[in-house]
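Take the given structure of chain A and dock chain B to it, following the hints.
2 protein chains.
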Amino acid sequence: MTDFYIETTKADKTLPINSRPKFFAFGIPSYTNLGDQAVSLAQRAYIEHEFPEFQYIEILEEDNDAGIEAVKKIITSQDIVSFVGGGNMGNLYLDHERARRKVFSTFVNNLTISFPQSIHFEDNEQGQREQKLSQEAYQKNPHLVLIARDAQSYHRMQTTFNNHVIFTPDMVLYFKAVDYSLKRSGALFVLRHDGEKVVKESLIGSIKQLLDNGRPLKKTDTVLDSVDRITPINREKLIVDELKLFSQQEIIITDRWHAMVFSVLTGTPCLLFGNSYGKGKHAYFDWLEHIDWIGYTDEEDLDRIDQQISKLIKTKKHAYDIRADFKQLDSLIKYHLEMSGRNI
Amino acid sequence: MTDFYIETTKADKTLPINSRPKFFAFGIPSYTNLGDQAVSLAQRAYIEHEFPEFQYIEILEEDNDAGIEAVKKIITSQDIVSFVGGGNMGNLYLDHERARRKVFSTFVNNLTISFPQSIHFEDNEQGQREQKLSQEAYQKNPHLVLIARDAQSYHRMQTTFNNHVIFTPDMVLYFKAVDYSLKRSGALFVLRHDGEKVVKESLIGSIKQLLDNGRPLKKTDTVLDSVDRITPINREKLIVDELKLFSQQEIIITDRWHAMVFSVLTGTPCLLFGNSYGKGKHAYFDWLEHIDWIGYTDEEDLDRIDQQISKLIKTKKHAYDIRADFKQLDSLIKYHLEMSGRNI
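These protein sequence lines map, in sequence, to chains A and B.
Under numbering that gives the first Met the number 0, residue 343 is the last one in the first sequence; the count climbs by one each step, no gaps.
Under numbering that gives the first Met the number 0, residue 343 is the last one in the second sequence; the count climbs by one each step, no gaps.
In short, the hints are calculated from the structure, not lab data.
Mixed in with the good hints there might be a few duds.
FRET-style restraints, in silico, Cβ to Cβ [claimed, not checked]:
1) A:H289 - B:S201: 22 to 32 Å
2) B:K218 - A:K101: 56 to 66 Å
3) A:E49 - B:K217: 51 to 61 Å
One-sided excerpt, in silico: chain A residues whose CB lies under 8 Å from chain B [unchecked claim]:
4) Q157
5) T158
6) V164
7) H281
8) E288
What the simulated footprint calls covered on chain A by chain B, stretch by stretch (three residues with Cβ under 8 Å from a Cβ of chain B suffice, anywhere in the stretch; the number is not a length) [said to hold, decoys possible]:
9) 143-153
10) 322-328
This structure is a prediction, so every number in the text was calculated from the model and none was measured.
Where a beta carbon is used, it is the ideal one built from N, C-alpha and C, also for glycine.
Isolated chain A (complex conformation) (with noise of 0.2 Å):
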């Protein structure tokens, strides 16, 4: 029995029969990433600002195949099929890969937008086996349009798919900063521990002597051992936690592209390393290399890492911008509105 999100503060059994456009948001993670977490509260944040008119409904990807069998039974024209964003289009995480596949293949005759994504299908047999699965099942629904979070994406998802393809942030960086005023004591290392780790221990280890100078050392992930399910219903405390303490670091050093986003938002000074394949580097780039607290290095030399993260921890805060680089999505929302004849 599949349950529907149709608030956050509960999980309903049955799908809403009226007449308000509806859209759905398939993917929803149930899994303790807080980053894909905050990613699809994001998402939900910014259709119900942003389009009122909408009644938002999430399914959990768990739920993905009878999610899909109750919405064919009472979707209409001016309904929005999505799925979720993140950074696993690709054939290094398949159960998302495979549940996106067959939300993209089934609802082929609505507008369904793929929010923002990074892509990665590995230069090898099996990559290139995975990547003619996905196109095949993308390439069923002419009304399916790709969001690419960052330009290395955009590349690879127009030199991969027939579809269209637009350019936005990622949603999370769709929230507006925070600023929780709690005192900043300490360092928190905030590390992955996936097949995308590419950080050397050894190095790690060294950033930690240097930052041991009286100062309090954590180690963390985003990615929760504390609980073991993540809801819709749970999920805003569990980020608004996660908020808090990055709101009482000094400086946060991590690999996870969202521990960065995390800190922009919480005005927290940030330095990332890369992972196996780019995407937090490309992202930080195209979208926040303007932010002064945060920096990207791919270094290896401790003295200048040393000097990096001086200069991240001195740092003012400033205002900054990214709510009108998701302009092309609003656009596209908009024109769909206006087409099934719901002026706004």
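Positioned in the frame of chain A, the structure of chain B alone reads:
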């Protein structure tokens, strides 16, 4: 008396009156920057190959005022107006910016395309004043579409202007790769002499010493001093000469974005240094990082530069495909043709 370049082999004094839709290309350079000349040639190639229904008419920037008056007399709703692409939107090259404003704010009832540009208004009083003048001029035209050629410029255009912004590479990357099968020998330094120059002469001197092991070393700029003037009549030959010159080098050392583009097209190893506001750097990371024989650096450490150059010189050529990245521009013009009843 204004010359129009209705064909590139002759300059006409009068505009044609016929039923073909016209593509008016304003801002065409007559100065001797081969990068900017290549942009204007590439724009023409793009429209003539992809949308042959248009009659393409070039108007030199030096004839901007007279050209505007002449076009006003014959323009109809099926025609497209454009202003040339490049790296000069902003307050650093005010002659170009003023000509651009005048075109945009005049043809407010026609689809108006600002070909791929990078943008830089300085953060000082003069920069802000000029930015305001550009905002006032651009917003008069509801049919103006700006094209950014790198993600940094995409962000800046979207936060600066209310106009629609799309994202494609520099037009010169529309050209196919060329192979003149010439013998390669020596290193060519292609260096700017303008206000955007940031790479230190002492560093260039050291790189010369590094490469000076029996290898011929030459120095040039993509701004020619061997001719006084380049127009649509003589530009192609001069660009081909330049591509042949590049095709004879083992390595190009440059701070000119279009020298990197010529290196891409000719399969010539190339190391690009930055300019004053990152236009080459961003375009490199956005479109070209996957091309093995070119690289970007901000490095000042000679050992690291040496390693990077040695690696570039040894690189094998491979196929690449940047053509798909022009899809947003393709769609824009296709949509215009559909709307004006000329289905393709």
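Inset, instruction - List in ascending order the numbers of the hints, as given earlier, that are violated by the structure. - result: Nothing - there is no hint that the structure violates, so all of them hold.
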